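Single-letter residue listing:
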Amino acid sequence: MSSRYDPVIKVIKVSDTCPEVVFRQAGDRFLEVVYGRSEPSSAKTIKDIILRSVRVVTINNLVKKAGIDGLIETIPGGESLMYVYDPLVVTMEDLAEKIEHIERQIEDVGSQIIQTREITIPIAFEHSLIKKAIDKYVQEVNPDAFYCRNGSNLEFIAEYNGISVEELKHKFIDTEWFVSMVGFFPGLPYFYPLNPASAITCPKYNPARTWTPEGAVDLADYCSTIFGVESSGGCQLIGRTVPIFQAYSTHEQFKDNPALFRPTDIIRFYETSEEYIDNIYGLVAEGNWNYTITPRTLSISSWLEQYDSKEREAAELREKQTLARQHMQRI
Amino acid sequence: MAKILSPSIQATVQDYYGRRGFMDIGIAYSGFMDNLAGRLVNQVIGNDINAPAIEITGGGFEIEFQEKSIIAIGGSDIRASINGNYIEHYKAVEVNPGDIIKTDRISAATKGFRQYLAVAGGVMVDEYLGSHSTAVYGGFGGFNGRNLKAGDVLETGIVSEDNKASAGRRLSRKCIPILTDTWTFRAVPGPDAAPDFITEEGMEEIYNTEYKAQMYCDRSGIRLKGPAPKWNADRMSAGGHPSNITDHGYPCPGGVNISGDTLIMFTCESPTSGGLICALSVIEEDLWKMGQIFPGRDKIRFKYCDVKEAVELKKTDAPLSFE
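These protein sequences, in sequence, are chains A and B. What the first sequence shows, in the working numbering, is residues 4 to 334, in sequence order. What the second sequence shows, in the working numbering, is residues -18 to 304, in sequence order.
Just so you know, the hints here were simulated from the structure itself, not pulled from any lab data. No experiment lies behind these values; they were computed from the predicted model shown. For each residue, glycine too, the CB sits at the ideal point set by N, CA and C. Do not rely on the hints blindly, as some may be mistaken.
To be verified - One-sided excerpt, in silico: chain A residues whose CB lies under 10 Å from chain B:
(1) I15
(2) C21
(3) V25
(4) K101
(5) I105
(6) A200
(7) P266
(8) A288
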């Protein structure tokens, strides 16, 4: 450590294609391992983030298999793993050494073939609970929120990306989404578009929202999430989907795990109405709605080829985004 | 059985360890906000340290016992009474059917903010994912997954021989946690400190500033009022707010999160992950103090601690003594 305020205890390089692996002390019983050193999100592409996330999942599985004494639990992040450990059983230095050994076994994740699941769920872009959350925010938290217009954030997001609201909905539906992690509040998945032509983005709320309904879908900084339970939240609201978390299961799907999603899941959305979504809440409570879940193989090398083949469309979107932001800054 | 007559600002059923091992699906530990007082009241009456107890927030709590039991109350210095007669804190007291335990209202002179009421055998609620504690943000665990309300009837445990033997004893004065209105938290820098996120001087400033607890404090976090952090210049110019990073797992509880320019101390029911940095992390031995911070009034300081020093502290376990 160069100074007593520098928490980085070790930086290793495992290959030319993997960003540097940074070991950070994170408390008296936490150690965080991060890929890359503090680059802002704007310096990374969706490709970088998804590849790092695949690495996180790969390493997490190996760590779990290794059964390290004193390791209590891990929390996967988009490009990091937080290790929670008992320092009376394993020291930070010994834990870091064991993790380094595992990190060095994986030079690259570009050839990984992931056995995962594809989960298809409906979304209603217009929903009265979403409108309620936005109206509540404007009334109680930020009356001048320029991103809230007529009880909706869609117009702002579209404008920020230089596209129409219809195009925004189309782009949201027209991609598969990759779940990189689950967290924040119970069951909430974080997911990124696998298709770079759907890489829509926008800034977060400032300050945060105090209430978000269950099932809300929101987006900021290229990342989307779904709310498993009612809670606070900070991203722009897109619409509402079906229940994704059930603590006391009345539905078979939640019998072994209260959370629907896990890292590497692939999500597909289809558009529907508010009534259709609300009806599903009743059916899930009775245990009577079928979640559409199919086994799926995700080959990282074929995905990278597809990603590159979308480059022309992706570049068009990026250009629209740049122009839109310049225009918004002027006004 | 015992019936809640008045639940205070917020009363919940919690336990010592909480719900561990589910942070990767967004489930925080929950459990006693002041895990020291919660553990001590259980020990006073001869319960297991993890026996479910009632966490009381502020004052004005009232409960009527419907059967014989043994209880102890501790935590903030708000006075508690049985049928109008004050009882000592951290003392094992016998209760009879019809007895009403009541706590005074908070006042400007109150030290601490939460109290724990332990009952012989614990409060009987179902276990969910390995714990009896209430997850207020999620609506599960504890008593019907929610805050207690007036009229709720709680089932209390069987009075064991250990419980009976404890009757009348009181924790020695030297074992009782010291309450204040200016709290010092020993904290380790990281994971996101100097030089990558905050400047060296900025970290120095965090460790030398007296912060004030905002009114907006609850089981999910304690917001502090103080100067804006001194951000690393490269991050300032990168676009977006410098506190924003790619979403990561949070060191919970203990992490000191920075949201915009506001420091938030992460407690037992904070978010498990998110896209904001954590500049420092409170050591395990000082977590209990978070439960006693009086919102809008108490002052908070951070004291530098390194990992080795923090681990040494865990090896010294002072035995309890009773009077």
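Which numbered hints does this structure break? Violated hints (numbers, rising): 1, 2, 4, 5, 6, 8; every other hint is consistent with the structure.
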